[in-house]
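In the order they appear, the protein sequences are chains A and B.
In case it helps, the working numbering puts the first sequence at residues 1 to 209.
In case it helps, the working numbering puts the second sequence at residues 1 to 992.
It is worth saying that the hints were derived from the structure and are not from the lab.
The C-beta atom is built at its ideal place from N, Cα and C for all residues, glycine as well.
It cannot be assumed that every hint is accurate.
[Said to hold, decoys possible] Cross-link-like lysine-lysine pairs, in silico, PhoX-like; alpha carbons within 25 angstroms at most:
| no. | chain 1 | residue 1 | chain 2 | residue 2 |
| --- | --- | --- | --- | --- |
| 1 | B | 886 | B | 897 |
| 2 | B | 46 | B | 205 |
| 3 | B | 568 | B | 687 |
| 4 | A | 59 | B | 871 |
| 5 | B | 897 | A | 59 |
| 6 | B | 805 | B | 864 |
| 7 | B | 886 | A | 185 |
| 8 | B | 139 | A | 190 |
| 9 | A | 186 | B | 139 |
| 10 | A | 59 | B | 205 |
| 11 | B | 192 | A | 59 |
| 12 | B | 568 | B | 200 |
[Stated by the list, open to error] Using C-beta positions, here's what the derived DEER-type ranges look like:
| no. | chain 1 | residue 1 | chain 2 | residue 2 | range |
| --- | --- | --- | --- | --- | --- |
| 13 | B | 479 | A | 50 | 32 to 42 angstroms |
| 14 | B | 169 | A | 54 | 36 to 46 angstroms |
| 15 | B | 479 | A | 80 | 52 to 62 angstroms |
| 16 | A | 194 | B | 168 | 33 to 43 angstroms |
| 17 | A | 26 | B | 65 | 22 to 32 angstroms |
| 18 | B | 416 | A | 114 | 20 to 30 angstroms |
[As the list claims (entries may be wrong)] Short derived list, chain A residues pointing at chain B, Cβ under 7 angstroms:
| no. | residue |
| --- | --- |
| 19 | 7 |
| 20 | 32 |
| 21 | 86 |
| 22 | 89 |
| 23 | 96 |
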Amino acid sequence: MNQQDISAQVELLRRIGFESRTLLNGITGPIHLLRSMISDPALLETLHILDLSTVRFEKFSLRSQLLANLLNPASTLHSETCDLADLVNHAVLELNDFINFYGITISIAHSTVSLIVDANRDLVYQSVMISFEQFMGVLETGSTINVNIENNHIRISAPDKGFFAQKFEQTTDNWSNDLDIVLLKKTFEKFNIHFSINVIDSSSILTFG
Amino acid sequence: MNELLVKSQVTLFAHIVVQSDNSIQRLSEIYTEILFTKLVNSRVGKQQKNELKEIVRKHRSNQKPIDIDKICQDINKNSPIHHRLILLINLLEFGFFAQKNDILLTQANNLSEQIKSISELLRIPHQTFSLCSSFVSGKLFETDDRSGILIVKSKNPGIRGVHFVERGSLEGYFIFAYFKQTNSIFFKYFGKEPIQLNSKPVHPKTIYAFYSGSVLTLNGKPLLYYSRVIGQFKGLAEHESITLSLKNIQFQYSKSGFGLHHVCFTASSGEIIGVMGGSGVGKSTLFNLVNGTLKPLEGQILLNGVSYSDNLPAIQKLIGYVPQDDSLFENLTVFENLYFTARLALSNLSPEQTAELVNARLAEFGLYHIRNLRVGSSISRNISGGQRKRLNIVTEIIREPKLLLVDEPTSGLSSADSLRVMSLLKEQALAGRLVLVNIHQPSAEIYRLFDKILVLDQGGYMVFYGNPLEALKHFRLLAGHIDAEEVECTTCRNVKPDEIFDIIEEKQVDEFGQITEIRKISPVELSSHFTPDLSPELEHASLPGVISKKASPLRQLEVYIKRLTLSKLRDVEFFIFAFAIPVLLAGVIAVFSKYSYPSQDGGYIYIFYENYNIPIFFLTSIIASLFLGMIVTSDSIIRDANVNKREALLFLSQKAYFNSKVFFYFGLTIIQSFIYTAISVYILQLKGMFLQTWGVMLIMGFLGNVVGLMVSTLFKSLSAAYLIVPFLVIPQIILSGITIPFDRMNRHLSNPEYVPLIGLISPSMWGMEALLVYQFVNNDYEKHFFMVDMTESQNRINSQYLIPKIFQLIQDLQKNPDENIRLRYKKLILHGVSQLNIPLSTDLLDRSSEVRKLEILLNELQQKLQRQYSKALRDRDAIGNQLVSKLGGYDSLLHLKQQCTNKGVEDLTLSRKNIVAIQVVENKLVQTIDPVFKMPTSKWGRSHFLAPYKRIGNMWFSTYTFNVFVLGMLLCIAYILFLFNIFPRLLSRLAR
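Kindly produce the complete structure, drawing on both the sequences and the hints.
Here you go:
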């Protein structure tokens, strides 16, 4: 892809992010307001579902902007030391609603080991989130995602019949069809974080670190 | 949120908007409406949104920036740091809201810079800002120091550095943030469960302040208490924390029958527990059980699993007790009150370190600015009631007790003072102590401060123990309130603690609708509606270490003396009493006793000899010394009762405390008796016996001091102590030997030969005898004649009165045939001749030849004694002549006699009132005149009253020396009885 194409892509992503945020402005404000006003449990449940969708939408908007920034050669990304193992724990906590929603269990073999990389913390955090989200999207209710830290790498695996790995293979012009996956790949590439995807015994395995 | 804060908050939003573009304005309007709708209601939300619009419009049209410095200065001046923190959180939430919604991250970053600068203007520390920012944005991974973050979830997420509390029933999770500087806690909930905060719904992803006493519930069941959260943040280590457990405690006073029934509760470090109930329900009894003063009849009290019955002294060292009444020294300054306690309790600190600690504690309790003010009495009000109470509390806290018992801390205080005091107690709980507060009727604000409340009902029944808001719900449910769950006002968070007592005390109504005196629900029934949670047994029973290290007895003595001296010297009334009274007494007694003789020229002249009142002066002085010594000390320990009650848990040396009293009051007595003696001796011109008079007054004063101190340990009320003093002093007047002479006393109490036993235990007798005999024997005139006078007197009495009396008895014996009467005569004769050192037995008197021999012997002796008598008279004349020539004339000798001898003293010491020289008393011939010339016969120190010498074995002592020694011994005995607290112990044993 030449420089001109990349610039066009960046601009497109930026515009998508901007427009989606403009739409969200009209949604998130009233949702917040509604939360303060209603007490009916049924309405609150509806609001929660709406909220989950809004969160996804917000993520889409945010990640569009992040990807635009990441792809933009003119932008300078702030790098700092970050602990991948710590970010995994934070991501799992933040995804609690989705974990409950999909009925998935995430089993983390806790370790005191830190996996320090030099990268942009926001981007890496979003990438870790994306890893779990992608797994959750293809797993059946009741499945378990296992997380291990071994050989200075984080290993996320789940019995997904290889669907997670397939997502990484679906490309158009060498670009993944999923914006989140592009963000994950580009982030890891940008900050030289090694990652690999394998399928063993019908389970996809994502290793990075 | 008050008006200033609301206005400031909106103006700060406006400031950010004015600095930014239009997209931010729209977002800020939305956020303002959301914020105030959440905080108050939708009307206020809209109103504040319009207010924001107006401010922005005004400043944009003027092109004038908002003076942010002035706004922040106003906030800083009027708002505590906690309120500023709330402002910052709202600003950050707004920033986060805008950041999420604003497409241009660069602008959002600019926004966060603006908020940061406002935070600096609000004097919020950088670390607090950093935690606040991460908490609001949700990016906890950005924070390195995570000690201020707590996650509550069903399973530990394993995030490094954060606190975690497991709640298995929870699908979602909570994130709590704790700001040390302000002791503030905020939280956010993530999930969809029906969580309630103090019965109000909790909305996901919304920030809430988590105040003291708050409770989070899930499906109506308590999920998390404030105390649990703060305890986690405070990180109370297991070995430092304590758990108090009362298991099924039963107690009953034997006399009244009042007591406590089935009291069960468990409380831990970090909690503040309010013990509530009407008067006489057993609140104080409960405190006395917890501080170990009382023992339960049934049940067990445990501290960290260690039973009170197993190791009470060690447990009591961990307990601090603040009584309801002041336990302060009124005449000491605020600093001194605390400093002396610290010196007693913290011996491991140097005086400088102690002073530093005291100043720090005073600052912590808001008392530093009044540190040099005297505490004063509760009436004089040098410092306010609230300040007094705070000082009382800090005095106990200085030694770092783990369990703090505070009895009625808000009693008599204004609502503002009450709240301040309770807030300080709350801080103590937050610092890791377990605080139990006995409180009658707390205000709503105070009620909320409690982590748990224990409600006692009449008869000592425990009717509730648990969260304060749960208590309201519990009682409202019992009373059948339709809105039982609505325990607090939805807008102002107000609660009504009085409602609990209204429900408890609710009366039945009779068939006519009249309210009866019978309660709707009896205490027993009420207690049956509450089932206490029984805490599990602790696996390892061990007590935490004691931080304080009490001072050595010697150091305690030093501190006690300094404290007492400072306290008394600053007491103006005491000072006047202590130093003016001796002056006045000396003046009054000496002036009244100074009899002036009518002179030839029609005027009056003072001649010491003619002043018949000297013995009365001696007696009055002795009684005054005893009285003065007793009266200054009789209230001394009673007045310290509250301080002693508090310091009892320090286990200080009672002997050091008692000795400090002895040292101080003895010092005072030395000065008082010196002043008294100097003035009175000067007025009465009592020559040559200043030191001797002072010596007797001194010992009398000392005795009075010690007896007064004993009285002070025996009685609890001041009036009783003051009333007992005259009762102890008046017998001393009677038993002095001169108001009622011992030979004229009730015959059952008197003794014909010696001072009766009742007189021997009377200090006034020893003092009077010492002074009278010394005055008579050792005055500058008589000292030249005394020995010869004594010879003269003895020879005269024996030859002219005793021997003739024996002769008369021999004649009577020979005439009388009655054997019984004869036997009595024989005994009298034997007693008579024994005084003349003639050996004789009763049998011999039956033989006429032996009687004749005795008569001859007596005749010879009489003649010999007559000769000696004549010689003594001649010797006396010779001494007189020598003195005349030495002094330069007869007038000078007369003058000396008039100046040194005293008629009143002579009358007593020579018993001039007695006409008969030898009196028959029972089977004895008793000499009734010239006692001062009669040598005692007992080898054990006993003698007749006013004997010149006393004898122990073969050693002779002057009466003054001997009597002063005996007084010293009496003083020692009294001191030992006082020091070992003998009488109170005996009394308590008798009472038991």
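Now the hints, each set against the structure:
Taken as a hint, the residue 886 of chain B and residue 897 of chain B pair is honoured in the structure, with Cα atoms around 14 angstroms apart against an allowance of 25 angstroms. A threshold of 25 angstroms between alpha carbons decides the hint, and for residue 46 of chain B with residue 205 of chain B the separation of about 22 angstroms falls inside it, so the pair holds. Distance check on the hinted pair: residue 568 of chain B and residue 687 of chain B sit about 35 angstroms apart at the alpha-carbon level, beyond 25 angstroms; violated. At most 25 angstroms may separate the alpha-carbon atoms for a hinted pair to count; residue 59 of chain A and residue 871 of chain B exceed this at roughly 137 angstroms.
Under the criterion of a C-alpha separation no larger than 25 angstroms, the hint pairing residue 897 of chain B with residue 59 of chain A is inconsistent with the structure, at around 122 angstroms. Annotation: proposed proximity of residue 805 of chain B to residue 864 of chain B holds, straight-line Cα distance about 17 angstroms (limit 25 angstroms). For a cut-off of 25 angstroms, the pair hint linking residue 886 of chain B to residue 185 of chain A is broken: about 134 angstroms separates their Cα positions. The straight-line distance between the Cα atoms of residue 139 of chain B and residue 190 of chain A is roughly 22 angstroms, inside the 25 angstroms bound, and the hint therefore holds.
Of the supplied pair hints, the one linking residue 186 of chain A and residue 139 of chain B holds, its CA atoms being roughly 22 angstroms apart against a limit of 25 angstroms. Straight-line distance between C-alpha atoms of residue 59 of chain A and residue 205 of chain B comes to about 16 angstroms, which keeps the hinted pair within the 25 angstroms bound. Under the criterion of a C-alpha separation no larger than 25 angstroms, the hint pairing residue 192 of chain B with residue 59 of chain A is consistent with the structure, at around 20 angstroms. With a C-alpha separation of about 58 angstroms, the suggested pair residue 568 of chain B and residue 200 of chain B falls outside the 25 angstroms cut-off, and the hint is violated.
With their beta carbons about 41 angstroms apart, residue 479 of chain B and residue 50 of chain A fall inside the hinted range of 32 to 42 angstroms. One distance hint, 36 to 46 angstroms for the beta-carbon pair residue 169 of chain B and residue 54 of chain A, is violated here, with the actual separation near 27 angstroms. Against the hinted window of 52 to 62 angstroms, the Cβ-Cβ separation of residue 479 of chain B and residue 80 of chain A comes to about 60 angstroms, which satisfies the hint. For the hinted restraint 33 to 43 angstroms between residue 194 of chain A and residue 168 of chain B, the CB-CB distance of approximately 38 angstroms keeps it satisfied.
Checking the proposed 22 to 32 angstroms range against residue 26 of chain A and residue 65 of chain B shows it holds: the Cβ atoms sit about 30 angstroms from each other. Hint check: residue 416 of chain B to residue 114 of chain A, Cβ distance near 51 angstroms, so the stated range 20 to 30 angstroms is violated. A cut of 7 angstroms between beta carbons decides the hint on residue 7 of chain A: the least distance to chain B is about 18 angstroms, and the hint is violated. Annotation: interface hint on residue 32 of chain A holds; nearest CB of chain B at approximately 5 angstroms, less than 7 angstroms.
Taken as an interface hint, residue 86 of chain A checks out: its beta carbon lies about 6 angstroms from the nearest beta carbon of chain B, inside 7 angstroms. Checking residue 89 of chain A against chain B: minimum C-beta separation of about 5 angstroms stays under 7 angstroms; hint holds. With 7 angstroms as the threshold, the beta carbon of residue 96 of chain A comes within range of chain B, its nearest partner Cβ sitting at about 6 angstroms, so the hint holds.
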